[in-house]
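J.: This is what each chain is made of:
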Amino acid sequence: MSELTSVPKAISGPSSFLDDRLGAGNFLKRNLRKIFPDHWTYLLGEVALYSFIILLLTGTFLTLWFKPGMEHVIYDGSYAPLKGVGMSQAYASSLEISFDVRGGLLMRQMHHWAALLFVASMMVHMLRVFFMGAYRKPRELTWLIGVILLTLALAEGLTGYSLPDDLLSGAGLRITEGVAISLPLVGTYITFFLFGGEYPGMDVISRFYSLHILLIPGILLALIGAHVVLTWVQKHTQMPGRGANNHNVVGAPFYPAFMLKAGAMFLFTFALVAGLGTFAQINPIWIFGPYNPADISAGSQPDFYMGFLEGSLRLMPAWEINLFGTAHAGTLPLSVIIPALLPMGIIMTGLALYPFLERWVTGDHRALHVSDRPRNNPHRTSIGMSAIVFYGVLWLLGANDELSANFQISLNVTTYVGRVLVLVGPVLAYIITYRICLGLQRSDAAVIGHGVESGVIKRLPHGEFIEVHTAPIDTVEDSLRAKEPVPMLPVEEDSAGIPPKGMRGPLGKLRAAMSKSYGGEKIPLDDGHGHGHDDDEHAAVGSGDDKSITRH
Amino acid sequence: MTDNEHEIEQPDERVPKRVIGTPAPGTSMLGAKETVEDADVPGVMIPDEKSARKAEKIVALCFTITFLSAIAFIILYVQIQVGTPESTGQSNLALGGTLTLALLGLAVGITVWVRSIMPKYNLIQERHDLATDETTREEVADTFLQGANESGFVKRPLLRRTLLLASAPLGLLPLVLLRDLDNSKMTGANFNKLLRHTVWAETRKKPMKLIVEGTGQPIRAADFNSPGGILSVVPEGYEHDMNALAKATLILIKFRPEDLKPGTNKNWTHDGIVAYSKICTHVGCPAALYEQTTHHILCPCHQSTFDAADGAKVIFGPAARPLPQLNIGVDAEGFLIAKDDFNVPVGPSYWERGDAEQAAREGSTA
Amino acid sequence: MTRTTAWRRHPLARYAVLVLALALIGVAYATLVQGSRPADAALASGKLDDVAQGKSLFQAHCSSCHGLSAEGTSTGPTLVGVGAAAVDFQVSSGRMPAANPGAQAPRKPTPRWVNEETTRQLAAYVQSLGGGPTIPSKDQVDPAMGNAAKGGELFRANCIQCHNWGGAGGALTRGKYAPSLNESSPQQIYEAMVTGPQAMPVFNDTTITPQEKRDMIAYITEVRSQRDPGGFGLGRIGPVTEGLVAWVVGISFMALVAIWITAKKRKKS
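Chain order of the listed sequences is A, B and C. With the working numbering, letter number 127 in the first sequence gets 1005, and the count goes up by one each step, no holes. With the working numbering, letter number 27 in the second sequence gets 28, and the count goes up by one each step, no holes. With the working numbering, letter number 93 in the third sequence gets 182, and the count goes up by one each step, no holes.
Treat the hints as calculated values from the structure; they're not laboratory data. Each statement offered as a hint is correct.
No farther apart than 25 Å at their CA atoms in a straight line, the calculated lysine-lysine pairs in the BS3-like style are these: (1) B/K340 with B/K206; (2) B/K340 with B/K267; (3) B/K267 with B/K207; (4) B/K58 with C/K353; (5) A/K887 with A/K907; (6) C/K197 with C/K227; (7) C/K353 with A/K912; (8) B/K267 with B/K210; (9) A/K1394 with A/K1015; (10) C/K353 with B/K51; (11) C/K353 with A/K1113; (12) B/K340 with B/K314; (13) C/K353 with B/K55; (14) B/K262 with B/K314; (15) B/K206 with B/K267.
Quantities reported herein were computed from a predicted structural model and do not represent experimental measurements.
Model the full structure from these sequences, guided by the hints.
T.: Encoded structure:
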């Protein structure tokens, strides 16, 4: 086959038409060969993007049949064990999609799997960005949009989960109501506004429907657009090494390589969701039965992303106070308010503020485009790990009834253990992670200082055997040598013993102390020596030159 | 295979460089049979034609699989009808399977295409500082000031203040418009009036029977005669009223009279039959798991546990208050009826609720 | 070394011994099963009194916990008045005789002496002590005669809070649990409702009629035998296993794919 020498008419025609009207040529000239760095973790955010596209596609299909009504109807569809049973229109139409529309069940299942994958991939992507420090200047806005996206995704999930009006989703709705009504002062108003009166009313499904298919996805779409545009404009961060630095970007051009990689990633995401929708049954609403506020099933659970809230509600001891005593308003059900708001508040606020807190502590105002290796900022990595453990314990305890039933552990024991773990776990995680990071830094230093084991044993003239160490390959060495100390504020007192400006007063002193502990170089790279090695052992560093192997 | 002595004589050339994290090279790897493609050379590396041609065949095969799967999808869509779990299952497997295969074929094909036919790129592009330079910034600032002054916004306070004045209520309009989201259009104090009553209050005018949920039948006290029995009970005439059920559903438990403890109001029981609200006082799930041996009522949502024999007091979990007890009795025919409404609000706590239990105790002693 | 020792050390010897031992066990088992046949035949022909036979079975297998005349001890409750249905449920599901005291006796394979005849005798003996619920007739528990949709409503109102919508079971307080309904026979489901075994409450026939119980049995058996139209059922326990699959299968798959797409190509030189 021959190569193309001129742009074919079919493409040049429309593109000149567009360029004449939009001036797209300049944009394309600059962007077609835009460079994208290559690293597998940089594709995780794309999974979230593609899941969202799949959600829009499958969701649109579902709206063609779904009826968001709470009117009481008698089921007369195909599913025999529910024939003649009274239920809401929403549930009946969800059954219709499942059993009477060809491909309907597949689309429903794909929609639900894509929703789980959407949130899960957002979380993984967010952790990647956090541990690599990719939220730092100039990317704080992208990060903040990401935090809003995650929060909205939870809201989108909650509203969607409630729509089929089956017994399981109804339990979730009931808990939502119980939490909303517990809020001080505004709780009853919020509940009555949401449900159009007392729970459950006749309005909530249609209200959730318009939130779920219009308002929240609209905002999500706009914010995802902004998120992607920011990434595009600011150019992606890159891994250290291979000639990468803060002033360049190394990788493959958008057209044609990255474009096709992204396309493949989309198709893989789509294939995964289709595969799960085919082989793994999800949310079998026909087994749950229609919602009835008098009924509940054992093992009622929210989808995984709400699990941490469920867990924190389960862990909480029974605290409730009446601020103004008998028969007066002023009831504070702390056993609902604290678990419903505190963990979510800690996690989301913590995420949103972290870039700014870190900059306040380190005083680092540079624009950074090279990813940190997590070990090289041990405090950040430890904070991240303890947040994961905190979240993880709550999440795990959200399923404590299933753990108890399937592993023969007493339900009450799981709760007691969880109450301890949720407090102790994060602390332990912090300490352990910090130690591991320093250990890894030490081993990096050893690679630079001693080289790597070559697997070659050499016998020295006096008869001793040593293993020849050799320099690591350039890419590895580059990436190790890219390590920088975590920036630190100038906290040292001057000769008169006066701390620098901004470090005085209690807040300033705290800032100085935090900076001193957070920043700095814990294990310098050339610190490969000096922990127990005999000089002879690492004499063969670097070139592997014969002389260097001989005894000094 | 490898001559070690030879290795040592020329270690600088023959000792392989190792990627961190890969297993230590075995002897066979010392000959450097396999190396990572040199990724450090900047530029575009075109794969050799022989391997590209081989990859092209694989890609073509993948794309053909996608073509065939998509055709199969259409055929199977037409052929398989849905309805029963069995046929729907077949349809789901057929449609989903072909769709998955079609997408997977395309995905794998494109990946092989990118990896083995397209060149390996290692291009470097400069990053440009995103911030604009100082002159531009100053120019923008000047333009801003010029516009601000030309508009008269700064110079004319009357204009400025009335504009602010105008926009404040205008911004509130959308919020005001949402007021009727609450169909009852109530305010704070009235919420409590509504929330503290259930449809059982109607029993004061005309005695309401307890209807067994599911069977829809009233129940005679004499028929509910096995200690350790439990029933889910709804108010007569409201069997399908979701709003009524969300507050008024009961659990009815039969005890041996000697098992009842002081926490239970015995005047409100009938022959060892006790009625509690089924709505958990934590966040409102139906608390309905009953263990007849321990008399525990467990809420499956957050595991609040209540002692049914002792006034449903909380013995574990996050619920702070006992399940409210309902005053029950029998009518002339022996059917169980409600004798009054609950004397405290059922279900989850809310701000306007107050310590209704304490108020009820004071009321009864006063 | 004698010839026998050499033979014993032959590499094949251990297999031979294993086969021999298995054969012996098989023969012994067959003999024992055979051995009980004449007695069964005698019982079936009504030569021996069910109650008397049941009493001796009771004293042999049950009395250590429940007392010599079922009056109950510190380790087991009295069985006076529990009825034949309770005996049939507990013994046929292997829960009794209990292996060891714990929060709850689990379903397990029945001991060898348990068969339809011995269970009936034991039940007859306990029934004779003080009445109680009797074993349901075949018609009473025939799923084909029940209305599954009606039964489903009753099932959701009365059963799923402990046994889960799909009959998967669930956790109760302090180590107790509601067992899965998937292995229970229609007769056992019926008996459990009327007798309230262990922590389970009683649903007697005057509150939930036998007809309604049959409807529930029809629903339970229909739903548990129906195909999962959406693929593997994941235990039908809902979001917990679904979330696990999303992470373990979904995220791992996408990570592997991302690694494949971006990996440096290793080429053979």
